[in-house]
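Undergrad: Residue numbers (this note's numbering), protein chains in the order written: chain P, 1 to 195; chain X, 1 to 365; chain L, 1 to 376.
Read the hints as simulated data drawn from the structure, not as lab findings.
Every residue, glycine too, gets a C-beta built ideally from N, C-alpha and C.
Take the hints with a grain of salt, since some may be wrong.
Ranges of calculated distance between the beta carbons of each label pair, as one might list FRET restraints [to be verified]: (1) L11/P to I355/X: 22 to 28 Å; (2) D300/X to E189/L: 49 to 55 Å; (3) I32/P to Q24/L: 29 to 35 Å; (4) D54/P to G97/L: 32 to 38 Å.
Residue strings, one per chain:
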Amino acid sequence: MNIFVKTLRGLKGLLSGMGLTFGYFARPSKVITQQYPENRNTLKLPERSQARIDLIKNAETGRYNCIACGLCVKACPNNSIELTKFKDPETKKFRPEKFVYHFERCLVCGLCVEACKFDALRMTSEFETAAWSPDDLVEILNKDDPWAHDDKSDIGQQTAPDKNEQTASPARDTDRQEHTGAEEKTIQPKDRSPK
Amino acid sequence: MESYIYRTDKLILDLTEWLTEATGSAFAAEVVKMSIAAAVLSAFVGLLAMILIYIERKVAGHMQQRVGPMRVGPHGILQTVADSIKLVAKEGLTPKNADAFIFNLAPLLVFASSFACLSFIPFSPGMTIVSFNVGLLFILGIASVGVLGILAGGWASNNKWSVLGAMRSGAQIISYELSATLALLAIVPFFGTLDFQEIVLSQQKGWWIWRAPGVGLLGFLIYTIASTAECNRTPFDIAEGESELTGGFHTEYSAMKFAMFFLAEFINIFIVSAISATVFFGGWMPFHIEGLDTLNRVFDLLPPIVWFFGKVACLVFVVMWFRWTFPRLRVDQLMHFEWKYLMPLSLINLALAAIAVSAGLYFFN
Amino acid sequence: MSNIPADTSIEPDFEDYYVNMGPQHPSTHGVLRLIVKLAGETVLGVTPHIGFVHRGIEKMAEALTAQQFFPLTSRLDYLSAHMNNWAWAMAIEKAAGIEVPERAEYIRIIMSELSRISSHQLWWGVFGMDLGAFTPFLYGFRDRERVNDIFEKTCGVRLTMNYICAGGVREDVDRDFEKDVREFTDYFEPMIDEYDRLLSGNIIIQERTKGVGVLDPETAKQYGCTGPTLRAGGVDYDVRKNRPYGLYPRMDFKTAVATEGDSWARYVVRLEEMRQSLKIIRQALDQIPAEGPVRAKTPMNIKIPDGHYLSRVEAARGEFALYLVGNGKILPQRVKLRSPGFSNLSALPETVKGWRIADLVTIMSTFDLVMPDIDR
Ligand code: SF4
Ligand code: SF4
Numbered sequence: 001m002n003i004f005v006k007t008l009r010g011l012k013g014l015l016s017g018m019g020l021t022f023g024y025f026a027r028p029s030k031v032i033t034q035q036y037p038e039n040r041n042t043l044k045l046p047e048r049s050q051a052r053i054d055l056i057k058n059a060e061t062g063r064y065n066c067i068a069c070g071l072c073v074k075a076c077p078n079n080s081i082e083l084t085k086f087k088d089p090e091t092k093k094f095r096p097e098k099f100v101y102h103f104e105r106c107l108v109c110g111l112c113v114e115a116c117k118f119d120a121l122r123m124t125s126e127f128e129t130a131a132w133s134p135d136d137l138v139e140i141l142n143k144d145d146p147w148a149h150d151d152k153s154d155i156g157q158q159t160a161p162d163k164n165e166q167t168a169s170p171a172r173d174t175d176r177q178e179h180t181g182a183e184e185k186t187i188q189p190k191d192r193s194p195k
Numbered sequence: 001m002e003s004y005i006y007r008t009d010k011l012i013l014d015l016t017e018w019l020t021e022a023t024g025s026a027f028a029a030e031v032v033k034m035s036i037a038a039a040v041l042s043a044f045v046g047l048l049a050m051i052l053i054y055i056e057r058k059v060a061g062h063m064q065q066r067v068g069p070m071r072v073g074p075h076g077i078l079q080t081v082a083d084s085i086k087l088v089a090k091e092g093l094t095p096k097n098a099d100a101f102i103f104n105l106a107p108l109l110v111f112a113s114s115f116a117c118l119s120f121i122p123f124s125p126g127m128t129i130v131s132f133n134v135g136l137l138f139i140l141g142i143a144s145v146g147v148l149g150i151l152a153g154g155w156a157s158n159n160k161w162s163v164l165g166a167m168r169s170g171a172q173i174i175s176y177e178l179s180a181t182l183a184l185l186a187i188v189p190f191f192g193t194l195d196f197q198e199i200v201l202s203q204q205k206g207w208w209i210w211r212a213p214g215v216g217l218l219g220f221l222i223y224t225i226a227s228t229a230e231c232n233r234t235p236f237d238i239a240e241g242e243s244e245l246t247g248g249f250h251t252e253y254s255a256m257k258f259a260m261f262f263l264a265e266f267i268n269i270f271i272v273s274a275i276s277a278t279v280f281f282g283g284w285m286p287f288h289i290e291g292l293d294t295l296n297r298v299f300d301l302l303p304p305i306v307w308f309f310g311k312v313a314c315l316v317f318v319v320m321w322f323r324w325t326f327p328r329l330r331v332d333q334l335m336h337f338e339w340k341y342l343m344p345l346s347l348i349n350l351a352l353a354a355i356a357v358s359a360g361l362y363f364f365n
Numbered sequence: 001m002s003n004i005p006a007d008t009s010i011e012p013d014f015e016d017y018y019v020n021m022g023p024q025h026p027s028t029h030g031v032l033r034l035i036v037k038l039a040g041e042t043v044l045g046v047t048p049h050i051g052f053v054h055r056g057i058e059k060m061a062e063a064l065t066a067q068q069f070f071p072l073t074s075r076l077d078y079l080s081a082h083m084n085n086w087a088w089a090m091a092i093e094k095a096a097g098i099e100v101p102e103r104a105e106y107i108r109i110i111m112s113e114l115s116r117i118s119s120h121q122l123w124w125g126v127f128g129m130d131l132g133a134f135t136p137f138l139y140g141f142r143d144r145e146r147v148n149d150i151f152e153k154t155c156g157v158r159l160t161m162n163y164i165c166a167g168g169v170r171e172d173v174d175r176d177f178e179k180d181v182r183e184f185t186d187y188f189e190p191m192i193d194e195y196d197r198l199l200s201g202n203i204i205i206q207e208r209t210k211g212v213g214v215l216d217p218e219t220a221k222q223y224g225c226t227g228p229t230l231r232a233g234g235v236d237y238d239v240r241k242n243r244p245y246g247l248y249p250r251m252d253f254k255t256a257v258a259t260e261g262d263s264w265a266r267y268v269v270r271l272e273e274m275r276q277s278l279k280i281i282r283q284a285l286d287q288i289p290a291e292g293p294v295r296a297k298t299p300m301n302i303k304i305p306d307g308h309y310l311s312r313v314e315a316a317r318g319e320f321a322l323y324l325v326g327n328g329k330i331l332p333q334r335v336k337l338r339s340p341g342f343s344n345l346s347a348l349p350e351t352v353k354g355w356r357i358a359d360l361v362t363i364m365s366t367f368d369l370v371m372p373d374i375d376r
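Make a model of the complete structure from these sequences and hints.
TA: In structure tokens form, the structure reads like this:
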């Protein structure tokens, strides 16, 4: 008798599972798939959604808010930001010469944004960041500044930088002099190789 | 023309007649006819597998609240075509230390056995490629050649997981074949023939699933379970068991050789469903209820081939439904289930059938 | 060898047959390599090899400030990111004497329980897949998606949240947070019944898990197993109850305990844990102060005073403990992580002996291993 009860109970369990799957099969309205690239236009990401960092521009002056203080560089756990700065002769303030963002190393942790006291850095939700090679992920964030155009030849090799060495190349020097003629100083990520 | 759709036997007869006239001898006509059949069957196999794979993916998708393939073609109907092209275009690898001859032979063996089975299926009146008076027995015999291919493939791959998978599948298929065969044989005394067309014709008054008292239903249940196991489908897919054996016997196969295994699996599903439909559900015979002539005539409006494929489609859906609901059994449980429950049950069923037939217990006589 | 089923006979001179399970194997879930000694289908012994995703996180901690280490703790057991963050936050708070605002404590509880649920949802789906049923995987992920959406709305990220920080949480929750979470709890409660319908009630699952892979409480304790793996054996040990942290003492919930210690018990315990987590979340939502600070003022670089600090949390897989040695600088002198997965994995060879390959998969699945947590 026991075996019959067991068989029946087993059968009931199997059938109820089948009922469940058939229930979903019969109700196509329950489908939850989102057809991603097609629904790109209607895609809604939460405000806070963070995928990468970006510099904030001042709407009035058209300049980046960043004053190249280097706090974000210090805050970053993964040395994902490299920063060189110069003094703007007009405003007598420091400005980033090149704000290099190593997205390939970035943890998207948001610590840099938190560290920035000047409302110069933000997280964006632009998540389509795939690239063919890690080099493509290195980006100059202040790319609108005329002196920081797409020249990436001298970046990306400084995983263990020497603090005393100036990393200026001749081409870049002339570039800078043309535009600004100001002195420059490099802020490098701090060296965290174990002592 | 229209009547040919309903009376396919007439179509075949006329065709044979015409061919005999054209070629001048009955033998030549037969040769031509067989060549046509082989060509049609080959095309049918490819198409069938593609459609079944597509349906499987859609069924799986919707059972899981997904949509399945959507990108290639409208609602993804060309997806399997694209996949086939990919599989054909891929390089067929043979592992270095594999037994190359057997390794390459195995998928052919599996495929050929499924392919051969198809030629006995009665699609429509008169439409069987080989009419054979022991068709049912023959199909059961041929189907078990497939397991040789699986064993050989697993063994020749020179991969420990493959060997495990092959051994499992060998043990499993051989065991479950017994139940499947016994379940079918239990119905045989009722119609007293092994020819598929005659089996269908014997169900004019009602399908055997209910005409054979109790035996039909029980036989159908046993056959469904056993045939699912024979096809290596969940919940009996221990031979592949990708979460255990990383693919089992076909771990090392790629490209076309893999496609053959895959194709054979889907053809097998079709074949077991077709057998089930033929033996238990009247094959291409439309659904008839004695006395309700108007209703019967409405049912007759559908051509037999539609009835056949409709029934098969329902049964195939059930097999797919199993797959997307159930987890997999363990190998020893599988054996216990077969030898301790299913086998005795099918023997009892056979005995019951014998009693029922000798006592003349038929329904809807 | 106490767990060998009665019907298994092993010839002593059987030729040894070794198979390599992993590092690329569908059911090791990550890069775990098991060397399995087989006699036919029967597992005679298992040797786990780990370290494929070893990143040296403990050593990295010595070069990172307290703030900077948070993102890395999320990457230990990525399914209990909040709990791991919390453990580190608690250690820092203990060291630097930081008071956490009440609202933040509640948010931490809600987040932790949500991530426990999401972890178990994922486990449930993967468990089904390991046993050969694909559909649970999708259902589990379907429900997990909702939790992830809640996380994304508040923390901005879906998996490695880095939301809990020293002194509270990084920012206040999203304005829809309470509504979303309540909606989720109402939605998910019936879904657990659906899980029951699909898997728990299934006779195949029961046959494959009941009595399989019994880990008796004594062995479990010896190997230092924690979490559902331990509680399934009848040991009522839950950090939230036995060594309460945060505001857990204010919560009314039961630890899920079973007695058999087999795979089925581990399965049942996890399902029950989801229900209890829902209960905790509801209470926390009722009690949470509507307004208030969520983060205590902390310096950007927190100095860790001389001393030894220990913090433990109940992560989804068991007790996650963190031992911090400070020397008065901003960089810690030493950080030791005790991950639940590592101890649980060490009990695996003992548990699977004498079972079949398919059972090895079941047992491994019910141990719920996450490799980055084990390798660190
Ligand atoms: S912290 Fe802000 S202002 Fe300072 S360098 Fe970074 S982005 Fe610029
Ligand atoms: S998000 Fe984190 S890892 Fe990325 S740049 Fe900012 S601080 Fe560095």
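Undergrad: Just to be sure I understand the hint, the distance between the Cβ atoms of I32/P and Q24/L should be within 29 to 35 Å; is that true here?
TA: holds, 30 Å
Undergrad: Using the C-beta atoms of D300/X and E189/L, is the stated range 49 to 55 Å upheld?
TA: holds, 52 Å
Undergrad: Does 22 to 28 Å hold as the CB distance between L11/P and I355/X, or does it fail?
TA: holds, 26 Å
Undergrad: If you check the beta carbons of D54/P and G97/L, does the distance land in 32 to 38 Å?
TA: Holds, since D54/P and G97/L (Cβ atoms, about 37 Å apart) stay within the stated range.
Hint check: no violations occur; every hint is consistent with the structure.
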